[in-house]
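Visitor: Between the sequences and the hints, there should be enough to build the whole structure, so can you do that?
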Amino acid sequence: MSDLRRAVGVARKDLLIERRSKAAFNAMAFFAALVLFIFSFALGPEAPGLSPAGQTLLQYLWPGLLWVAIFFTGILALGRSFQLEMDSGGLQALRLYPGDLKAIYLGKLAANLVVLLAMELLLIPLSAVLYNVDLWTKLPGLLGVTVLGSIGFVAVGTFYAALTANLRAREVMLPLLLFPTQVPIVVGAVRATALIVHGDPMGELNVWLQMLALVDVVLLTVCTLTFEFAIEE
Amino acid sequence: MNQSRQALGTSPQPTDTNAPAVDARQLSKRYGRTWALRRVDLRVERGELLGLLGPNGSGKTTLLRILSTLTRPTFGAFSILGEPARSRSAILPRIGVLADQAYMYGELTARENLRFAGVMYGLDLDEDSLLEALAGVGLAKVAGREIRTFSSGMRKRLSLARATLHDPELVLMDEPYGALDVEGMAWVDRFVTELRAANRAAIIATHEVDRAKRLCDRALRLDAGRVTYAGPIDGYEVAAE
Amino acid sequence: MQQVGSLLVWIVLAFLVATWIALFARRLSPQKAGTLWGIVALPVLAFGLYLGLLWAPPDVLMGEVYRIMYVHFPSWIGTGAGYLTAFVCSLLYIRSRDLRFDSWASAGAEIGLVFNATGLITGSIWGRPTWGVWWTWDPRLTWTAIMAVTFAGYLVLRALMEDPEARARASSLVAIIGFATLPIVYFSVRWWRTLHQPQSSPETVDPQMVVALRTMMLAFLLIFGYLLTRRFALAQLRAEAELAALEPDELEMEAAGD
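So the protein lines, in turn, are chains A, B and C.
In this text, residue positions in the first sequence follow this note's numbering: the first is 1, and each later residue adds one.
In this text, residue positions in the second sequence follow this note's numbering: the first is 1, and each later residue adds one.
In this text, residue positions in the third sequence follow this note's numbering: the first is 1, and each later residue adds one.
One or more hints might be untrue.
Said to hold, decoys possible - Here are a few chain A residues that sit away from chain C, every Cβ distance over 12 Å (derived from the structure):
1) 34
2) 37
3) 40
4) 49
5) 84
6) 134
7) 170
Stated by the list, open to error - Output of the computed footprint for chain A on chain B, the stretches with three or more beta carbons under 8 Å from beta carbons of chain A:
8) 33-41
9) 190-198
Derived by calculation from the structure, the hints in this document are not laboratory data.
For each residue, glycine too, the CB sits at the ideal point set by N, CA and C.
Guide: Below, the structure is given as structure tokens:
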């Protein structure tokens with residue numbers, strides 16, 4: 001019970017710091033907007049997509065582009081999450097408190113998830129407006145995919161951010177270690193998003209959502225069980 | 001200040017009241033090619049203040065890290081307040097650590113920092129007891145200020161409040177006087193005196209031999225990880241500072 | 001030749017099982033076992049290459065080109081064995097904090113990555129005449145590429161860390177998380193691709209090819225064992241060099257105690 005209080009305490013503390021400094025959120029929002037513009041420059045705003053007729057390439061590729069943007073911006077939040085612990089004197093500060101260290105993992109994870117979801121709440125409508133994607137009627141389904149995909153990303157991301165917090169080359173190591181584990185999340189999330197936006201004639205969406213949920217459970221379990229070793233120094 | 005906090009009933013009752021505060025044998029720690037500690041024997045009784053002396057890099061911080069369960073010794077064994085080294089969850093609620101770093105978050109106010117520490121220690125602190133703890137270190141007036149605006153002396157005082165928030169039976173202090181002005185040092189002195197009055201045990205790692213002589217009962221000197229003096233503080237001579 | 005090949009496969013298998021039993025009974029040191037495997041590997045490899053490159057018939061569709069599979073497929077044996085070693089020894093390290101397990105784990109990851117690279121390169125060479133491209137997003141090929149990235153990350157992380165214990169702990173966790181996610185990565189990649197192109201149905205394989213392939217797989221397994229023990233020995237030598245720097249220190253400590 002007190003471990004649950006600790007987890008909530010860590011999450012609230014992180015979110016309070018983030019609300020005051022906005023260090024992660026501002027960087028992410030700016031970076032996300034930049035990425036959206038670069039896609040447009042690289043692919044051409046009016047290049048035609050493959051199907052259906054009349055669609056632009058940006059609209060056709062939107063599900064994939066969206067998740068690329070989410071992953072690249074998400075890295076910024078993850079790195080920041082343990083950097084504020086390093087600023088306060090290191091991970092040992094957290095390890096000097098009694099109780100189960102899993103609580104710290106879950107608290108950090110929850111805070112990262114909230115920051116990432118807030119960024120997505122900005123990114124999804126913005127990209128839809130910029131690329132002329134019609135998704136207002138599809139928002140509930142999109143929300144489900146976004147949450148499921150973000151949980152998997154943050155689960156491993158929080159773990160590896162803790163593991164690399166002490167390294168000088170952490171900005172390189174975090175994505176290098178994290179992205180290979182994210183293949184199932186990318187595949188599932190992009191496919192599910194595409195089915196929602198471009199239509200789902202075969203009714204496959206549920207299978208992909210179930211796959212995402214299953215992957216989330218596996219990643220969460222593995223990372224929760226091993227986290228206490230990740231913050232030893 | 002400790003009486004009032006004890007009234008909260010947060011400190012777990014010690015299982016073995018006769019066990020020494022620290023009992024360590026042959027503690028050794030190797031980092032890569034160098035031994036930071038070499039077969040250190042150490043015993044601190046309850047209510048005893050030990051001055052941990054020695055030059056920089058002699059292993060003082062390593063010893064404190066091991067005793068606070070942060071680092072595993074390469075070999076050697078120890079117990080804290082009768083609890084074996086392995087039982088982290090039994091040791092941590094009963095010790096307080098005052099480290100070199102503040103362990104505080106600059107974007108949080110003094111009160112918020114303490115409240116977070118209280119939650120993490122599993123304490124149920126109301127606003128009054130938070131303010132009381134801050135008043136104990138003379139920070140009640142700035143309770144609502146973000147601590148990135150604090151001077152290093154104020155931060156140290158907040159760290160003192162944080163380290164004893166849960167009324168620990170043993171306090172480990174690493175260079176408490178480091179980079180403090182005269183007033184800050186006086187606060188640390190006062191803090192140590194209060195520990196003695198409350199019959200707490202403490203290990204104080206410091207360069208300040210004169211202060212250690214005034215405040216501590218016994219001294220332990222480390223040189224290159226080896227114990228070169230262990231005994232009453234009065235017999236400690238400034239050999240080679 | 002068919003009978004000789006089959007017999008040899010069984011004999012080598014029996015030899016492998018026997019050495020493993022001897023290892024567990026501690027009648028045989030890993031180093032000696034490695035040397036034995038290395039010695040046995042040479043004739044088995046030579047025989048396997050003869051079977052695969054000369055004796056086995058050419059493929060009906062691909063002709064002589066297919067013979068690269070006698071190197072390509074066995075590479076995956078070495079890859080799997082290496083990564084499995086890394087995973088199991090990482091778990092053992094986290095439990096025991098015995099740095100020898102870390103040495104085994106890093107040896108497994110390194111040797112596994114070498115075989116993984118061999119598999120990817122031979123696959124790519126094979127793909128060029130078969131599909132007309134150097135690289136194809138075939139699910140299994142993609143999966144093995146992700147494996148390579150995972151364990152390359154493991155080795156990069158090790159190269160960045162100096163303290164032996166911190167390095168062992170961090171890299172063990174990378175091996176555990178990386179290996180544990182490989183199955184779900186495999187299924188996700190398969191699902192990802194099957195929507196584009198159906199899996200190719202298994203062809204009927206000539207029994208001669210089967211014998212040649214099995215011989216090569218055993219040869220690669222023996223080579224893997226040999227390389228793994230040598231890599232472990234190298235790690236131990238490095239650790240001993242560190243300890244050698246400490247030995248006089250220890251003596252000095254004893255002297256000071258007198």
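Visitor: So, for every hint listed, does it hold in this structure?
Guide: Checked hints:
Taking the minimum C-beta to C-beta distance to chain C, about 26 Å, the non-interface status of residue 34 of chain A holds against the 12 Å cut. The beta carbon of residue 37 of chain A is kept farther than 12 Å from every beta carbon of chain C, the shortest such distance being approximately 28 Å. The non-interface label for residue 40 of chain A is consistent with chain C: the shortest C-beta to C-beta separation is roughly 26 Å, beyond 12 Å. Listed as outside the interface, residue 49 of chain A is consistent with that label: its C-beta sits roughly 17 Å from the nearest C-beta of chain C, beyond the 12 Å cut-off.
Separation of residue 84 of chain A from chain C is adequate, the least Cβ-Cβ distance of about 21 Å exceeding the 12 Å criterion. The Cβ of residue 134 of chain A sits about 24 Å from the closest Cβ of chain C, beyond the 12 Å cut-off, so the non-interface label holds. Some Cβ of chain C comes within 12 Å of the Cβ of residue 170 of chain A; the nearest lies about 9 Å off, and the non-interface call is violated. Counting residues of the stretch 33-41 of chain B whose beta carbon lies closer than 8 Å to any beta carbon of chain A gives 0, which falls below the threshold of three, so the coverage claim is violated.
Coverage of the stretch 190-198 of chain B by chain A is violated in this model, with 0 residues showing a Cβ closer than 8 Å to a Cβ of that chain against a need of three.
Violated hints, listed in ascending order, are 7, 8 and 9; each of the other numbered hints is respected by the structure.
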